[in-house]
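S.K.: The residues making up each chain are set out below.
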Amino acid sequence: MLSCESLTQTYLSGGKPLTVLKDITLTVPAGEALAVVGPSGSGKSTLLGLLAGLDRPSAGVVYLDGQRMADLSEDERAKLRGEKVGFVFQTFQLIPTLTALENVQVPLELRGESSAGRAQDLLARVGLADRLDHYPSQLSGGEQQRVALARAFSNRPKILFADEPTGNLDASTGGTVIDLMMELNRESGTTLILVTHDPELANRARRTIRLHDGAIISDSDA
Amino acid sequence: MTSWPFALRMGWRETRASRRRLLLLMGAISIGVGALVAINGFTENMADAVEREARALLGADVSLVSRRPFSSNVEGLIDSLTQHAASLAGCDTSPCALPADRRIARTTEFDAMAYIPRTTGTRLVQVSAIEGPFPYYGTVETDPAGAWDSARTGRSAIVDPTLLSALDARVGDTLALGEARFLVTGTIIHIPGDVGIQSVLGPRVFIPAMYLDDTKLLGFGARVRYEAFLKLEPGMDADEIASEYRPQLRPERVRIRTIQSERRQLDRTLTQFGRFLGLVALMALLLGGLGVASAVHVFVKQKRESIAVLRCLGATAGTVFRTYLSQALAIGLVGSLLGVGLGITVQLLLPTVLRDVLPVDVNVRPSVKAIVLGVTTGVWVASIFALLPLLKVRHISPLGALREPFETGIRTPRDRYRWLARAGLGASVVFLAIIQAGNWLQGLAFAGAIGVGITVLWGAAVGLTKAVRRWLPARAPYLMRQGLANLFRPANQTVAVILALGFGVFLLSTLFLVQQNFLRQLRFDSVERRPNLLIFDVQPDQLESLQDEIRTAGLPLAQAVPLVPMRIESVNGEPVLRAAAGQEEGDSAASATWAHRREYRSTYRDTLVDSERVIAGEWWSEDFELEADEVIPVSLERDVAEVLKVGVGDEIVWDVQGISVPSIITSVREVDWAQFQPNFFAVFAPGALEQAPQMFLTQTRADDPVVRGTFQRRLAEQFPNVSSIDLMAVQQALDRIIGRVVAAVRFVAAFSLITGIIVLVGALATSRFQRLREGVLLKTLGATRRQIVRIVLAEYAALGLLSAAVAIVLSIVAGWGLVTFVFETSFVVSVGPLAALAAGMAVLTMVVGVWNSRAIFRATPLQVLRAE
Ligand SMILES: Nc1ncnc2c1ncn2[C@@H]1O[C@H](COP(=O)(O)OP(=O)(O)OP(=O)(O)O)[C@@H](O)[C@H]1O
Ligand SMILES: [Mg+2]
Chain B
-9 MLSCESLTQT
1 YLSGGKPLTV
11 LKDITLTVPA
21 GEALAVVGPS
31 GSGKSTLLGL
41 LAGLDRPSAG
51 VVYLDGQRMA
61 DLSEDERAKL
71 RGEKVGFVFQ
81 TFQLIPTLTA
91 LENVQVPLEL
101 RGESSAGRAQ
111 DLLARVGLAD
121 RLDHYPSQLS
131 GGEQQRVALA
141 RAFSNRPKIL
151 FADEPTGNLD
161 ASTGGTVIDL
171 MMELNRESGT
181 TLILVTHDPE
191 LANRARRTIR
201 LHDGAIISDS
211 DA
Chain P
47 MTSWPFALRM
57 GWRETRASRR
67 RLLLLMGAIS
77 IGVGALVAIN
87 GFTENMADAV
97 EREARALLGA
107 DVSLVSRRPF
117 SSNVEGLIDS
127 LTQHAASLAG
137 CDTSPCALPA
147 DRRIARTTEF
157 DAMAYIPRTT
167 GTRLVQVSAI
177 EGPFPYYGTV
187 ETDPAGAWDS
197 ARTGRSAIVD
207 PTLLSALDAR
217 VGDTLALGEA
227 RFLVTGTIIH
237 IPGDVGIQSV
247 LGPRVFIPAM
257 YLDDTKLLGF
267 GARVRYEAFL
277 KLEPGMDADE
287 IASEYRPQLR
297 PERVRIRTIQ
307 SERRQLDRTL
317 TQFGRFLGLV
327 ALMALLLGGL
337 GVASAVHVFV
347 KQKRESIAVL
357 RCLGATAGTV
367 FRTYLSQALA
377 IGLVGSLLGV
387 GLGITVQLLL
397 PTVLRDVLPV
407 DVNVRPSVKA
417 IVLGVTTGVW
427 VASIFALLPL
437 LKVRHISPLG
447 ALREPFETGI
457 RTPRDRYRWL
467 ARAGLGASVV
477 FLAIIQAGNW
487 LQGLAFAGAI
497 GVGITVLWGA
507 AVGLTKAVRR
517 WLPARAPYLM
527 RQGLANLFRP
537 ANQTVAVILA
547 LGFGVFLLST
557 LFLVQQNFLR
567 QLRFDSVERR
577 PNLLIFDVQP
587 DQLESLQDEI
597 RTAGLPLAQA
607 VPLVPMRIES
617 VNGEPVLRAA
627 AGQEEGDSAA
637 SATWAHRREY
647 RSTYRDTLVD
657 SERVIAGEWW
667 SEDFELEADE
677 VIPVSLERDV
687 AEVLKVGVGD
697 EIVWDVQGIS
707 VPSIITSVRE
717 VDWAQFQPNF
727 FAVFAPGALE
737 QAPQMFLTQT
747 RADDPVVRGT
757 FQRRLAEQFP
767 NVSSIDLMAV
777 QQALDRIIGR
787 VVAAVRFVAA
797 FSLITGIIVL
807 VGALATSRFQ
817 RLREGVLLKT
827 LGATRRQIVR
837 IVLAEYAALG
847 LLSAAVAIVL
857 SIVAGWGLVT
867 FVFETSFVVS
877 VGPLAALAAG
887 MAVLTMVVGV
897 WNSRAIFRAT
907 PLQVLRAE
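Residue numbers (this note's numbering), protein chains in the order written: chain B, -9 to 212; chain P, 47 to 914.
Treat each hint with caution, since some may be false.
[Said to hold, decoys possible] With the C-beta cut set under 7 Å, the calculated list includes, among others, these residues of chain B facing chain P:
#1 Arg46
#2 Ala68
#3 Gly72
#4 Lys74
#5 Gln83
#6 Pro97
#7 Met172
Derived from the structure by calculation, the hints contain no laboratory data.
Glycine included, every Cβ here is placed at the ideal spot set by N, Cα and C.
With the rest of the complex left out, here is chain B (with noise of 0.2 Å):
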């Protein structure tokens, strides 16, 4: 479903370069539930990112579902995305002049489907049913980071990408939104990607690995 191979991502901060992730190769088969762990600032979302395909490589490749994703335009990537990718953001990233119901609906209305009911649907099992009108800015983080879940639902994606899906939240909903996650990848066979520093949501996941400074130094699966 997902791999890539000698992965690296280098910055230039402050005219030096910083090599955030060094030489990363993984393989994740599909149906999957991997949950990435590692101190701050070890490259966690830098990975998610590109695994995503949301930044390119400073070298190095990464096959999503198939594809080669540097083979692809940016065109073709955000509807590779708007198709068979979910992705939560660490801080959100909801549209701030949408309210909560039609920031869930975007990527389905982009694939041109009508949808109100199953964002209302979605955003009830979220919690939100009586939020849907609400703009972020109305929205306390937690709420608004089970928005950006319940966006990463909507369009049924093969592959969910999540940075601290439980971040903001309390263990009750916490516990809700990785139930949740747990069962698209069960009933839909959807292959999870977790960031987190949640030791529950860890746990649920079948495999681990921990990155530090940029690498992996373990992976439960090897």
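We have chain B; now place chain P with the ligands onto it with these hints.
M.R.: Frame of chain B, contents of chain P with the ligands only:
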């Protein structure tokens, strides 16, 4: 006020994040200030030039003008004036050492056909026969130099260069005027009081007066203008003399001109033109102010969080307010200073744009007054426009750092400062308009028009947002819905963009409509088969052979129109001249108007023509026959009747070449003078004037200019006293003059359009980052480039079309008002160009919008989303 240093420091730091945007705002201000500085400076330069060239405008200190040869009475007055001057010059006895005739210059002016035998070219010209040392002031520049003086004695003519090129002639050719022949010895480069383009309408030919009689052109019915020029001695006040002699000259139908009276008139015309352009320039600046206001408005919304943090850290509301006010002041100041540079540059260009329509040589030089006024206005406009949205800053509470209040957010409590700021803003606009217009009424009217324009555009913008929000169909395609919804979503730019675009379009469209209607009324050819060759000064005994000539040439023959020259002797028994002469100056000025004094060239006929209609009384029947002792019925034109204070039933006695002809007014007509047609103030019923001395005018039409030219030539050969004029050529000349004026106005209006575009770009730039993030997020969620472009296009097409449509409707109202009440002609809207303008505006907006979004396609999502 202790916090000013901190405010200034913070103000400066705050610019870091948005320098590009600030630069745009400065640009908007500087263009407005530039236009003001340029126009005001140039108007001042024009006034200086008029002052400097005032004496040369007339060429003398005093002149007497009349439509008929001076009577012995008038000659006596001229003599006594000359004597007086001579005595002041030190000659007590008469005749003085200075021969009297050396002190008087005279010109005799009339229209005639000029004919060059070598090239067989003919052209209607303005002949000016010169006698004496004209001009006293200023010099006539000729090519070759010195031709003016040497041509005073021989049979030579100095002509406008346009005549030579029109007739394919050159210096050295022989030129025929009537029955006399002259040698062309030079061309005019510059003559005092000259409006270059005048020569296009009728090129001038200057000949020595001593050969005037040889031309035999001053026969019966010729329209001649006689002018005598006097030079005064130091110590004689021209205007005193003018007011002293005016009462004696008026009954003689002689007008007295002085340098002062010329200057006043010219000054008034030029200053008015300058002020009008100044108002258009002010519009550009106000538009810039609007840009500042809208930017500050959005800016305050965006800065809410950092302002709240500042407040948490202990800054007072006042400090925060001053921080941003200092920014607005800086924008105004720097923008204005840049504007001064721009303005001076433009000022240097203006003489080129206005070439040919200015009667004086303008020396362009920066005007301190205009610069100071421009900078003050610029800073003031930037600050006052920024003030209103800035006042909200004072109400941002520290709590805002925790949770952003929703949308329009800061629910301002009732704030008397806001009312003060509003009043200040309104008062400023009125004040600036009055300063620029130079009088209360026009200033208020202008400010009022701006107020209405802004209100309507504002209303349209708010209406659009509401309507879209309410009625946007849920079934519309998603991309369109998404795009249109941007019009009402938080931090939208709908109002700013519609105001900026709308105002620019409004200006352009109004100018266009006025120009179109103005030109249309001069477009005589719009009516099919209208005659285009006017033949006049035809003597009765020439009429038949002339008509034969037209028939032989195979041209259509129109009915000949008789012209009978006459004056008014009395109105309702009140003698016009005695009334004027016998009364006090003030009374006679009021009672003996131009309409009493002028020479009328009237006609008689049995039917109405299509350029006139009866508005009072009744037209005589077609088979009207004058009874033996019946008073002849006459029909007057409305304006003349108004000035003469007469109506249907009143009696006028006319002096027709010395014979008294009583008449009774039976109808009043309204005449559309704009049509190129022989129209008359007074039309008589047939039956009384047939035997009076008269001339004829006739018309014909030839589509081919070559045919027209050949025919004019044959006429000139066979009937030297008959003049013919090619109306097509007149039309082209008029088009050119009007084109110049319109170009000048457009040139200034373009500033407003540019400001409008800058404000548009600025408004879009304000929300650019937010839009970028949105676009990138959409990309992350699967949107393709096409989809994003469509969303952007839907939004901006709506903005562009709506603002253009509203602006055009507004301009139709404004144009109708101007055309109907100021230019007093009928108003017609040409839909095609206006639709093109609207479409153009929509396209422009869409282009700017897409251009503004281009970064979405360049960046990878992660780069943008990181750059919070
Ligand atoms: N565009 C960039 N330019 C410079 N440095 C960057 C850039 N993007 C990421 N980095 C750096 O790369 C490193 C890894 O960042 P990343 O966001 O992947 O960390 P993370 O593991 O997700 O941390 P956290 O758990 O705190 O979210 C950080 O030190 C960050 O400063
Ligand atoms: Mg991270």
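S.K.: Which constraints among the numbered hints does this structure fail? Numbers only, ascending.
M.R.: 4 and 7
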